[in-house]
Amino acid sequence: MDQRTNDSLSARSRLELIEAARESAGQLSAALLGSRPPPDLLPGFELVRELHRGGQGVVYRATHKRTGRDVAIKVVRGGPFLGPQDKARFEREVHILGHLKHSNIVTIHDSGTAAGCHYFVMDYISGKALDLHMVCHDLSIAETLRLFSKICKPINAAHLRGVIHRDLKPSNILIDESGEPHILDFGLAKADCEAISDAARWQAITVTGQFFGSVPWASPEQVSGARDQIDLRTDVYSLGVILYHMLTQRFPYFLAGSMRDVLSNILEIEPIRPSTVRKDIDGEVETIILKCLAKEPDRRYQSAAALAEDINRYLTHQPITARAPTTVYQLKKLVERNKLPFAFVATLFGLVLGFGVWMSVLYGRAEVDQTRAANAERQAEHQRAEAVREAETVKAINEFLVNDLLAAAQPEVAQGSNITVEDVLKSASERIEGAFPNRPLTEAAIRSAIGQSYVSLGLYSSAEPHLRTAQTIRTRELGKEHPDTLRSESMLVDLLCRLGQYTEADRLSEETLELMRDVLGEEHIETLQAAHQRARMHWHAGRVPEAERLLEDTLERRRRILGDQHPDTLHSLTEWGSITLMGRKETAKAEQTFREALESCVRVLGDNHPQTLKAAGLVAYTLCSQRKFAAAEEMFQQSLEGHRRVLGADHPDTLVLKWRIAKLRQGQARLQEAIDLFREVMEVGRRVLGAEHPVTLQALEALGHMLLLKGAYPEALAIHRQTLEIHRRRYGIGGGATQHSLDCLGMVLLRLGRYAEAEARFREAYAIMYDRMGNCEAAVGSLRGLIRALAAQGRQEEARPFAEELLRLHREGAEGADTDAYRVNCYARALLTVEPADLRNPEHGLEVAQRAFTMSSDDYHYNRYTLALAHEMNGEPEKAVAMLRRALAHVPIEVSEERNEYETTLVGLLERMGDVEGAEQIYRDTLAKRREHFPEGHGDIASSLEDLCVTLIRHGKHAEAEPLLWECLEIRQEALPEEHWQIGHTMSVLGALTTGQVRFKDAEPLLIEGYTRLLDSPMAYSNQTQQALERIESLYQTWGDPDRALTYREMLPGTD
Amino acid sequence: MKSIPAPADLVQKAAAGDQAALTSLFEQLDPALRDSLRNDIPQRWRSVLGLDDLMQETYTDAFLDIVDFTPRQDGSFARWLITIAKHNLINAVQSLEAEKRGGKRRRVEPEGQDDSFLGLYELLGGTTTTPSRQAARHEAREALEQAIEQLPPDYRLVVRMYDIEGHPVEDVSQTMKRSPGAVFMLRARAHRALRKLLGVPLKYFSDFA
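Same order as they appear, the protein sequences are chains A and B.
All residue numbers for the first sequence refer to the numbering used here, where the first residue is 114 and numbers rise by one.
All residue numbers for the second sequence refer to the numbering used here, where the first residue is 214 and numbers rise by one.
Chain B on its own, in the form it takes in the complex (with noise of 0.2 angstroms):
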């Protein structure tokens, strides 16, 4: 990975969270970003994956894990940053290739919306301990229901949409005014979202606390 070198005055002030630090670092560093990034897009995606859909989802994920960042030497935060675009991307070819291999592989077939509740949080990763499939449904959803309400209103969206209503990428990316590849970015970003708020003990069962 070629070297790109951050002010590190700035670098130490959006560590420290200075959102306009960071904000002026994002600015001076975009155009070796995107040299750095262009050819990483596969060319059959980059009809429906922009360099711009990639750069504002890495810089939103920048702003989030900004506190994560520990300045190290020269052109980390650069690399940070490369390493955050190169997961969104992955995270959304992934996505695409497996739309095209099957449409619906990566997410659980919609039989009904309790099923669908039960994949997604499968697919996020939970594990359930109660032996009864149905009440893992019941559970499953009302958790996931909570966090969904939680989220902000365009990962709402894109998980409402695509995984419990099952609509096709096409359909989302359409009502959201994105392509298909930040719609695939933004949902894997969601469903990071999700996964957080449903490891938090208080908010799983609502009638804790």
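Chain A with its partners taken away, still in its complex shape (with noise of 0.2 angstroms):
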């Protein structure tokens, strides 16, 4: 056997291939053409080519010879030889395309006999069966679902006209080239009015068990034969195959195999999910398709005309109605469409009558049922019972709308105001007290749509008394096992959840999942959406490894049920690229996961979607963590402005998405703005969702840390204490945000150095984060701080543990795939500055952190700074200045924190080196484009004055130094409340001053009262009060006072 399996070939054997190809085409053209009949077989016509083959004839492109114009003639098969019944079907065929008038059904112009051949002239249309123009055009699916609502229209009108096709398949619609459907071949058509006339010769015609019609596109009631079941819903279960072959480019069974077992899936086996298939295919989508393809006529849409409507009701994002119309989903709708009041309530009062029409198809479908089938009388009956039970809900509910929820747009009532969802909402919780005393569960449904229609809006409080009363109602009068009552609890959870009321939420999601695994299973979809909840639950109680493996065996099963691009997929894709890549800070796989969520929002669920807009919203927050801020800021902005437009200004995911941007201005050094949105952020957080809620608590908190950069330290340690108060409180203790508080605090604590402090809540945050993730790279900032507070406090044996700890998670960092400068660097970092000093490893720390430098971008200036560090610790002074130079050459003047580390730094070096005059210039140039950049009297021109006059001072150049003190300390007293430390500190900074200038009595002063007033401030036992106090010892000192020097040096902390 000649099994060609290599498939690299050679252009020549490639050629050979291709020649095989051309001479088989080639036999089997020849041989095909031999089978075209002669051009003038129809008298008056002349045959031009064959265009089509079907079971019952050909149909060729002819010229009408005497006018010239172009025509189809279809050729029954059989000629002379052509039965009775066949001849009958042709005559149908023509009696019905003669009858049947409609721009999208072929006309029939003639037909006769000839030759013994029987035919029929048709319009010609120039175009491609639905079929093959699918394959030549690439349409989405919108474009797909309105070619699709077009084909339905002309079946509607020969329903209309009583006339079924029972033979649609995409070879007899053929779509013209401006797009338009013409359905073609009526000849298995059935009339109505014949059938019920002219039984006996329809017997004749379908002789039971024999199959007329294309077996991929016939219905389960063609192919067992039950002729008595065709009626319009057969061509309704056709077009749902053809809409979804149009969507999938396959068929809802497995065509393989026998006939029998072809005709035994289309009659039991269930449809494949068409989203399974094709992953874009959405859930509503799916449900109108599976709703033409039920096995029961009666489970169908009833007609071509409301498939067609629901259709263009997706297309237009209105709910559809193949969904059973719950009041939640269909206000949700609502809620999520509509913009303007006027058409809210427009489209509200189109609610309440569909529900009429709904109700009565199904009052009248019982009807009909009951005088159908005799042994269906039970199960009529039981629909009908169901049909009024359900009917008078629907005209409570329905009175409700009208009388109660749509008052508030009545004119007499809005008086000319621009009413607004919120204000109908707002009406209707009014009214709904005691507005149904017998009817509670209607009551409860009602409440349910509008809590629900407020967590949409994001007015999540205004929900809460809603959500909560449904669920007791249910619980009260179904049971706690309902699925309505377990409905209610997942609602009220995922409120809980967005309230921030996690305690709550917590225990309620462990019940309402352990009830629906046992009432719904496993795998049902409500029980899925509870298991998100109950993930994200875990996280925020801190059980991370919970959470992680929930949320995966959530998307896994959500990936397998719903398919890739399931809203409720995406959803969880979203969450796990948050929690699970986010938290371990695989950012760059995070952006990925994001980016693909985000592409297929956009598909599914549009661009307007809040959904698409999050998703937008987190990319760039992934692309702002890799520094990548310009394609992050591009993006930002997109997503605020869908934001602004869709939710609103205040509603809580824009607050997120302003959060996140103020995170970005906050790396891009525009400090002031970030400050600024994270105020605005605060503010509108504390109206909208209250002081304690997350979202408001977390910009407090994000405020707190700016205020830390700009060395704003008491400012920042007030907030970082009274948002790690209401974290313990709120979260207790082990909550991640608590762990967060907590680093912050002790940030703050060391910039004050209080370390016995900072220890304390470096500690504890550890120890949260340890329990939460085990050692992680989440960690290494609990860690590093710790290891600095044990240092500071000399105790750096203690910090060993905790700083091989730290060398390893950062080296893992470093070296992981997903790796990156910021990684790299924080490694290298570590290698230069990690205590106790003998852990330190300056020479690899050089080559990390030339490895970061490289990988970074020129105005990166934190990777410039270590490697700076790491050439003054390998003996490179002058590399390391040159390096200081640069990097402080990017950090903005307004950069209060890095800018002294650096200089500090810088200075250092230089003294080292001899070159003072180089280092005071150091921080004249500071100070010099600092009173060009701010207001005169701005805090950071006064940390210039006193940072330069201490240099000064080392220096011993107390004349030029001091008047530029005493300028510091009069921006300061002006500027800054009377308490403020760092008058003490200035003070005190001037009491040195002058006891180096020999003034022992000017300076005694100054630095008795700088000391006292930075006792009294919140800095006390800080490093700047002990300076203070060293300071006083040193002029007594001087003074030649031992005693009194002594009385201050046994003040000094750790002195026996």
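Hint data in this document are derived by calculation from the structure and do not stem from the laboratory.
Mixed in with the good hints there might be a few duds.
Unchecked claim - DEER-style ranges, computed between Cβ atoms:
| hint | chain 1 | residue 1 | chain 2 | residue 2 | range |
| --- | --- | --- | --- | --- | --- |
| 1 | A | Thr226 | B | Asp222 | 35 to 41 angstroms |
| 2 | B | Asp222 | A | Arg673 | 44 to 50 angstroms |
| 3 | B | Pro381 | A | Glu383 | 33 to 39 angstroms |
| 4 | A | Arg259 | B | Arg408 | 28 to 34 angstroms |
| 5 | B | Thr388 | A | Arg363 | 29 to 35 angstroms |
| 6 | B | Pro381 | A | Ile382 | 26 to 32 angstroms |
| 7 | A | Glu796 | B | Ala221 | 55 to 61 angstroms |
| 8 | A | Glu793 | B | Asp222 | 37 to 43 angstroms |
| 9 | A | Ser239 | B | Ala221 | 20 to 26 angstroms |
| 10 | B | Gln232 | A | Asp666 | 55 to 61 angstroms |
All residues carry an ideal CB built from backbone N, CA and C; glycine is no exception.
Assemble the dimeric complex from its two separately framed chains, guided by the hints.
As structure tokens, then:
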């Protein structure tokens, strides 16, 4: 056997292969050409070419010789041997087409017999069969649905004339060049009137068990030979198969195997869910298709018009009727769609009418079923009773919607004001109390709807009473395990989580998930939603491994059951990216995940869906985390514009996005803009969500961090103390938020030199993180802080195990596949600065710092600073100085924290190199820049003055320093509250200066007051306070008063 | 599906019936098409269904059907070819799977050659309106025999050996010196040709005309 499995062909072999194909095609073509009929077979027409072959005949393109008009002629297969049944069908098609006048149904002009061949002449449509059209055009789902909706119209027109096609398939639907469909081949059509009046004739044509039509497109009633069940819903079924095929290029059933197998599949096997074949088919389109493909005609759309209408509803983002029209679903859709109040009101009226129509269909169907089949009597009765009960409920809901919910929108009430969705909901909330004294379940349904609508608007506290009442009513009326009660609980969990009420949400989510698994099953769509919520609660409660496991499990199940493109799956995917990947700082992978989610959201949900906007915000946030600021900026702005437009400026999701944009500003060193934005989020958050809501607290915490960067330590300290207290009280110890608050607080305490307190905070934060995730990259902040606090207290050996752990984590971060410049830089910095000092490795630190430097962009000054440190530690001070100067050039003037650190290092280095002037010049330059940049009297000018003066004093230039230092004190006294520690600190430095000038009497009051002020401020026990004490001791030593000097020395901490 | 561009002038010429242009297009696109299709052949069938088989059958179909192709935007020609290839592949794989499951599930048990003809006729989608199965068998055989005679030799051989005489695919494969996958693709096209031939009224009943 010549098995040509080698697929890498030479050009020659490739040509041989193509030539063989060409020869084979030529042979076949020649064989088939011989079968063409003579062009003058039909009198008056010249056959041009064959267009189509079907089971009943062949269609040719022809020219009408007299008029020159292009026509299509269908010649019935069988010629003179055509049996009476075939003749009857032929005549029927001529008759039916002759009576069907519709622009999308081919018109028949003539019919006759020639040379024993029956034929009829139709319009010639220049176009392609639907299946070919689909192959040649890359239609999106929406475009496909629009085309399909057009196809439904002529079918419905035929139905309205009592004609059922019975052989709908793509080859019977031609799409012309303008994209209009034309229905062909009514050869198998059945006219209802004839079927009733001429039953015997009908029976002669369709012998029971004998199949007409094309199997893959046929309905169960067709393949089972149940001709009495064939009605217009048979065509609806075929339309369903056609839509399935248009969207997936597949059939809903497996069509391989024997004919018996295929028929059995159509009769018995549930269709393959289209979303499993094509992932971007969403739940609603799937619902529409599956409703068409229901085995029982009663469960399908009752007409092609109803099907088209649902398609159009989907395309215009209205609720489809194929899904059970729960009030929650309807209202949610309304809130999503309606931005204008009048549009909202109008649609709501439509909803009311829609309910009426829907219920009358149910009601009417029950009547029809009752008369149709005696053995279905009980079922019909049940359906009727169900319909009556539902109709009564709906009537009550309708009355409420019309009389109460819409009351606010009535002109006499609105009085010309602009009524919003929120107003309408508020009005409904006020009126629902006591509106349903005997219908508690109706009240629960409406409350759920109102509650969910409030949630969609981001008005969580308004939603709370409604969702709580709905849950209470359902628990009381239906029991704890009823699916509706469980749904209510699930909604409540979601709301509590949004409200930040994690403790209650945690308890309720556990209970709900357990019951849902028992009652609805492990893989029910709502159980999966409950599992998703449970994972989130695990995370909030600090049970990170459990959260990750459950999220991954839910994501896998949703992918398998709902498909990759289902909105629920996409929600799981973004949550997994946020919690698992971002939690592990796998930012690049998170970016990729969010990008995939975003792409799918755009395709499946559209550009303006809140989930799409959220995904865009997350992509931008990951870009920001990777310092790709320009790309992040663009994406953030797009997302923000969408958030404002779709959700409004005060929506919690918009606030979260603004918080992220503020983080971007922070990364871009646009500190004041970041502070303003954090402040805005905090203020709006306080107003909309409450002072203790997680979003508000996060903004407050970020603001604290900004103040830390600006050197405003006491303000930062107050903020972090406040947020820590709230986090502990609301969320208990062990939460991620608490750990973060502890880290922030520890950082401020470190800056203030309160090392023992800082140590306690970092220890607690590290313990929380260790319990949550073990030693991981997310714990490095706490570890680093703890090491610094221990080292500052001279307890380097205690720091050793933590330092080793820190080095290990940084090394893994730097060497991992997901590494970036930031991680490599962190590792380098740890190698150079870790305590105890014997763990440092300057040589390796230099290599790593150089690697980080080459990976980063030019303005990434952190890496330059690390490289400078490395050069310095490897005995290359000149390189270090050059690198530090370049680093400083990239630090914006308003960034105090890093600028101070870099300047201090550079000045120290220059002084050690003997370049005193150079060292002073550093501060002189900064002072000049700050005088230029900031308004007179700005705190940062005072800081620069102080830095310069301290250096000048060190260099013995007291006279030059003194006026500058007085200026500094003046600024601080003017700008700061009287008790501010910086005033005391400046006084103390000024005292030291006058001590150096041997003006002891001038020095003494300055030093004592400075020290006292520091002692009274929140800066007690700070390094500044110690230094102030040391200066007093030095004064008395110099002044010749050793006893007093000793008194002050004994006050120093650590002195026995 | 990744877009594979093709020179627009060649595509226009090919669509207008220029076989040299079509051949040239195939030559140019062959490597990219192979890359695109290589992983579509299920691992378990790669020993009996090679990429060359798939490409040759695809080009044959494309030579035959180019008249139906209308050039559209960039990449449409390659997409069209890939669609043909995937149809061929599905046909082959389904047949191979069916063969593995029960051998002859997709063809009629050849109790007698008349039954084989009737089975093949039904398999091709033919429906008969005659009430007598005996008559149907006779008619089907006659119609089919005529149609099979019109087929090119390779198609004729595969239909005769596999569908009518009931030889296992390995035998057909050996006789035709083609892989089993190629045999099934060839058979699928032979069936399409038969459907066309059977659908022509002037040929269905020999005494018409």
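Verification of the hints:
no.: 1; hint: A/Thr226 - B/Asp222: 35 to 41 angstroms; verdict: 48 angstroms, violated
no.: 2; hint: B/Asp222 - A/Arg673: 44 to 50 angstroms; verdict: 47 angstroms, holds
no.: 3; hint: B/Pro381 - A/Glu383: 33 to 39 angstroms; verdict: 35 angstroms, holds
no.: 4; hint: A/Arg259 - B/Arg408: 28 to 34 angstroms; verdict: 32 angstroms, holds
no.: 5; hint: B/Thr388 - A/Arg363: 29 to 35 angstroms; verdict: 34 angstroms, holds
no.: 6; hint: B/Pro381 - A/Ile382: 26 to 32 angstroms; verdict: 30 angstroms, holds
no.: 7; hint: A/Glu796 - B/Ala221: 55 to 61 angstroms; verdict: 59 angstroms, holds
no.: 8; hint: A/Glu793 - B/Asp222: 37 to 43 angstroms; verdict: 59 angstroms, violated
no.: 9; hint: A/Ser239 - B/Ala221: 20 to 26 angstroms; verdict: 23 angstroms, holds
no.: 10; hint: B/Gln232 - A/Asp666: 55 to 61 angstroms; verdict: 57 angstroms, holds
Comparing the model with each numbered hint stated earlier shows that hints 1 and 8 do not hold.
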